[in-house]
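For the sequence shown, the positions run 1102 to 1284 when our numbering is used.
Hints are not guaranteed to be accurate.
[What the hints assert, rightly or not] Cβ pair distances, simulated, as ranges:
#1 N1167 to E1194: 16 to 22 Å
#2 G1179 to L1249: 17 to 23 Å
#3 F1192 to Q1256: 30 to 36 Å
#4 E1130 to E1156: 57 to 63 Å
#5 E1203 to L1249: 31 to 37 Å
#6 F1180 to E1203: 31 to 37 Å
#7 K1250 to E1203: 34 to 40 Å
#8 M1200 to T1117: 20 to 26 Å
#9 F1192 to E1267: 33 to 39 Å
#10 G1222 to K1131: 54 to 60 Å
#11 K1131 to I1176: 17 to 23 Å
#12 Y1225 to K1131: 19 to 25 Å
No lab work stands behind these hints, which were simulated from the structure alone. All values derive from a computational prediction rather than experimental measurement. Using N, Cα and C, we set each Cβ at its ideal position, and we do this for glycine too.
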Amino acid sequence: QLKLWENLKESEAPLTERWKFAGVKDQMEKIVRKRAVEVPELSDEKPILLLIVSEGGRALFSHSFNKEKSVDSQIIGGFLTTIDYFIKEMFSEGLDRAMFGEYTLLMKSIPPFFICYIFKGDSYYALQKVNYFIDHIQKENEIWQNLLKSFQVNQTVQLKDIPLLESLITETFISESMVFSEL
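Can you make the complete structure from the sequences, with help from the hints?
Put into structure tokens, the structure is as follows:
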């Protein structure tokens, strides 16, 4: 068989003829059949909860995307702050992502707050959404100043208090038209 290959090389046979001789097509089909792997089914991202929590653990703002299910944002805020403190003490890093079954929690610090986004399912853009949200609450003076004021007087914020916040949440976490791949 080595002699056949040498003859093909010397005769400058076209690549297609060499492929036929080598049985590349058959070998590739065998490899593909052996490697056939079932791709896990991905579920779309479903927003569950958005929190703005003070560094002390008090939930200043809570937005549940599921109106049928109520959550105690103060308990969640305290829990997240405690976990973040523990992780910082043990590993010198803060909590930025945690998974609880099919739920994912993303948390980013923007002193004096933490932004926490909880969603169900799979998302390649969830972190980009959180970053976009953070950038825009800081750039939008009305939102940022209201959050700081509420923090200083230890008061929770409602959507009716900051109308721009609702449209930003919708644009960032609910709207399908937002493109995050370039952020």
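Subject >> Structure versus earlier hints, numbers of those that do not hold, lowest first >> reply: When the structure is compared with the hints, numbers 1, 6, 8, 10, 11 and 12 turn out to be violated.
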